[in-house]
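Asks: First to last, the protein sequences are chains A and B. Take the position in the first sequence, starting the count at 1, then add 7; the result is the number in the working numbering. Take the position in the second sequence, starting the count at 1, then add 12; the result is the number in the working numbering.
Source of the hints: derived by calculation from the structure; they are not laboratory data. Hints are not guaranteed to be accurate.
[What the hints assert, rightly or not] The calculated lysine to aspartate or glutamate pairs, modelled on EDC-like cross-linking and capped at a C-alpha distance of 16 Å, are:
1) K171(A) x D273(A)
2) K283(A) x D213(B)
3) K104(A) x D116(A)
4) K277(A) x D296(B)
5) K217(B) x D273(A)
6) K117(A) x D158(A)
7) K268(A) x D213(B)
8) K92(A) x D273(A)
9) K277(A) x D78(B)
Model, not experiment: these values are computed from the prediction.
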Amino acid sequence: MLNKNEANPVKPERSRVFLILVSFLFLAFSPAISAETGKILYVKDIPEGGVDKLWGTNVPANFLIYVVNPDRLAGWHGDLYDYEKPYIPEKYHNLPKLGGWHGGGGLPDKEMLLAHKVKNGVMFENAHMQIENASELQELGMNIYILKGGDLDEGANTLRDLGKLLGVAERGEELAKYAEEALASVRAAVKNIPQSAKPKVYIAQGIDGLRTTCKNQVLEIAGGRNAVNCEKDIYARQLSFEQLMQINPDVLVIQNPFFVKTFNDDVRWKRLRAYKNGKVYIVPFGPFSWMDKPEPVKYMAIKWLSCKLYPDRCKIDLQSETKKFMKLFMHQDLDDREIKKILQEN
Amino acid sequence: MQILLRRLKKHPFSVFAFLLLLVFLISLTSGRYPLSIGEIFEAVYQWGSGGKLTDRQDEILFLLTDIRLPRICAAILVGAALSVSGTVYQAMFVNPLVSPSILGVLSGASFGAALGIVVFNSWFLTQFLAFAFACAAVSLAVLFSLLFRRSSILVLILGGMVVGAFFTSLTSLLKYAADPDNQLPELVYWLMGSFTHANNDNLLKVGVISILGIVFLSLQGKTVNILSLGDEEAMSLGVNVKLTRIVFITAATFISASTVVLAGTISWVGLVVPHMLRFLTGPDNRKLLPLAAMGGALYMLSTDLMVRTFFAAELPVGIITSLVSLPLFIFAIVQNRGRWR
Chain A
8 MLNKNEANPV KPERSRVFLI LVSFLFLAFS PAISAETGKI LYVKDIPEGG
58 VDKLWGTNVP ANFLIYVVNP DRLAGWHGDL YDYEKPYIPE KYHNLPKLGG
108 WHGGGGLPDK EMLLAHKVKN GVMFENAHMQ IENASELQEL GMNIYILKGG
158 DLDEGANTLR DLGKLLGVAE RGEELAKYAE EALASVRAAV KNIPQSAKPK
208 VYIAQGIDGL RTTCKNQVLE IAGGRNAVNC EKDIYARQLS FEQLMQINPD
258 VLVIQNPFFV KTFNDDVRWK RLRAYKNGKV YIVPFGPFSW MDKPEPVKYM
308 AIKWLSCKLY PDRCKIDLQS ETKKFMKLFM HQDLDDREIK KILQEN
Chain B
13 MQILLRRLKK HPFSVFAFLL LLVFLISLTS GRYPLSIGEI FEAVYQWGSG
63 GKLTDRQDEI LFLLTDIRLP RICAAILVGA ALSVSGTVYQ AMFVNPLVSP
113 SILGVLSGAS FGAALGIVVF NSWFLTQFLA FAFACAAVSL AVLFSLLFRR
163 SSILVLILGG MVVGAFFTSL TSLLKYAADP DNQLPELVYW LMGSFTHANN
213 DNLLKVGVIS ILGIVFLSLQ GKTVNILSLG DEEAMSLGVN VKLTRIVFIT
263 AATFISASTV VLAGTISWVG LVVPHMLRFL TGPDNRKLLP LAAMGGALYM
313 LSTDLMVRTF FAAELPVGII TSLVSLPLFI FAIVQNRGRW R
């Protein structure tokens with residue numbers, strides 16, 4: 008004979024399901040556990056004296072914070088590269104690693120942001136996907152300032168805004184003036200050169216030199232024409248040597264210093280018109296390639312490149328200008344030997 | 013079509029040799045650099061007769077000897093090597109789904125290349141380490157199988173899987189650590205496989221190993237046939253199974269690793285070409301192996317020709333081989349129904 012429980016096995020199951028449902032309902036209507044949500048803020052919302060610690064959600068934004076006021080930089084995105092370290096004072100080497108949205112799958116490290124009580128972040132207006140994801144950071148209680156930026160022409164105002172946000176409005180103004188002067192002087196120097204008279208410049212990237220860039224603001228401002236027509240010649244940024252022979256650029260700009268050795272050893276590159284005419288230039292490097300991200304080094308890059316492309320129109324001494332730039336933007340007083348190293352002149 | 017197929021089945025070697033020569037000549041005369049066949053003949057004739065070359069002719073000869081020929085030779089070698097090693101592996105492991113990557117050769121190579129690009133930033137080291145780690149991966153897989161007293165084929169395949177997974181994880185780690193603006197795109201492009209980097213230097217470095225390996229394996233049809241009967245049958249026919257397998261694995265590894273130096277990682281060729289050819293000649297490896305060398309070369313050369321002429325971009329050839337191979341693979345499987353024991 009069956010006892011009571013065995014006779015009706017469904018009953019306890021039903022009550023368990025009921026209990027689970029009730030607990031879900033309870034959870035659904037319970038108040039959120041999270042702390043106060045952060046806000047999305049703009050230039051007009053910057054408080055007097057700026058914010059205490061600031062973190063940039065991507066590498067260019069974060070590096071600009073370092074340039075403007077390193078003492079208020081909340082942390083780096085990850086480890087500094089060995090080649091960057093010599094140009095960054097040691098006391099900043101061991102700032103917390105907070106992550107960030109950068110290529111290659113980088114993400115903000117929420118635990119580190121919480122652990123280091125980072126309350127303010129900055130994004131550029133053109134980083135649309137990051138702005139869409141800003142709520143993830145707001146949930147941590149972070150205020151996100153959205154500034155104009157990510158472009159050389161807007162860069163001067165970005166520097167001004169960051170100066171205010173980091174409590175160093177005067178320094179921001181000084182850097183902005185440098186940026187504006189750099190743009191204006193280079194544009195004036197290469198003005199009146201018809202498009203057809205501009206040299207065809209190939210920017211060799213990668214360790215094999217066969218990767219290139221489609222749109223390069225530094226090249227445009229410095230008065231060069233991109234040798235590669237991305238719509239016609241290539242869709243991706245990789246070429247074959249035969250394509251390069253067909254393009255046969257007037258000037259070759261080597262962006263990756265590691266490619267220089269391959270370039271010297273490989274006879275094929277010596278066939279190009281640029282090599283035969285002695286128009287091969289290595290992009291200065293310090294703390295990273297001048298034609299690469301982040302932005303501020305590009306104000307010096309346009310001066311350098313326009314001087315290489317049009318030496319007769321160049322009114323500056325590149326060495327002393329680099330020295331001045333490194334002191335103003337990178338907080339580094341470098342000697343002549345170090346400046347020569349950056350300019351790849353040794 | 014039927015007649016063509018019948019002729020192909022009757023005289024596969026001469027048909028393949030003819031096609032290979034044809035595609036070779038088309039490849040030599042087509043490319044991005046505008047060049048007519050007449051100009052090529054003129055330049056070659058001028059050079060042959062010892063006359064003074066004009067600048068244009070000098071440029072044409074340079075283009076042919078330093079740019080196009082190395083790329084064509086690389087495509088031929090890579091195609092032949094992948095296809096022959098695939099055929100040998102399939103027979104040796106008595107499994108039609110085995111490709112040269114079964115013992116971790118491509119995962120090892122990928123890790124070596126990643127190391128070269130991300131850590132050392134050197135093109136020479138990228139190639140060298142790709143080759144070295146390709147060989148190291150297979151050695152590890154073989155060592156793993158030797159840990160077991162009765163080292164069967166299954167243990168060897170398991171070893172290959174373990175080693176492959178290990179190196180794939182390490183490659184992912186390096187991808188994560190790579191500089192996203194410069195190194196990562198380069199690594200990703202390399203991993204997709206391309207003949208962009210083929211040049212005379214690279215050919216000189218690995219060409220000899222590659223050719224020796226391909227020729228050696230192509231002539232081993234009889235032994236491979238015996239091995240494909242299974243270990244016990246092969247032993248009863250007087251073959252030293254363990255030693256032969258090690259020799260074949262070593263040769264196949266060397267030639268697959270040399271493909272990586274020339275073109276990065278290219279998959280599917282070693283799987284599809286042998287299947288297609290079995291449909292033509294049946295499973296007799298004495299015929300199949302040399303034909304696989306020619307067929308693989310023809311297949312790779314044609315795919316690279318497609319990449320060079322149909323697309324404005326320098327598309328990685330590995331993408332095209334995968335896309336072209338899949339329908340061919342399905343076709344071959346349908347045609348070969350019941351042929352594989």
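Asks: Are the hints correct? Go through all of them and say.
Replies: Each hint, compared with the structure:
{"no.": "1", "hint": "K171(A) x D273(A)", "result": "51 Å, violated"}
{"no.": "2", "hint": "K283(A) x D213(B)", "result": "22 Å, violated"}
{"no.": "3", "hint": "K104(A) x D116(A)", "result": "8 Å, holds"}
{"no.": "4", "hint": "K277(A) x D296(B)", "result": "50 Å, violated"}
{"no.": "5", "hint": "K217(B) x D273(A)", "result": "15 Å, holds"}
{"no.": "6", "hint": "K117(A) x D158(A)", "result": "28 Å, violated"}
{"no.": "7", "hint": "K268(A) x D213(B)", "result": "15 Å, holds"}
{"no.": "8", "hint": "K92(A) x D273(A)", "result": "31 Å, violated"}
{"no.": "9", "hint": "K277(A) x D78(B)", "result": "12 Å, holds"}
Hint violations for this structure: numbers 1, 2, 4, 6, 8, all remaining hints satisfied.
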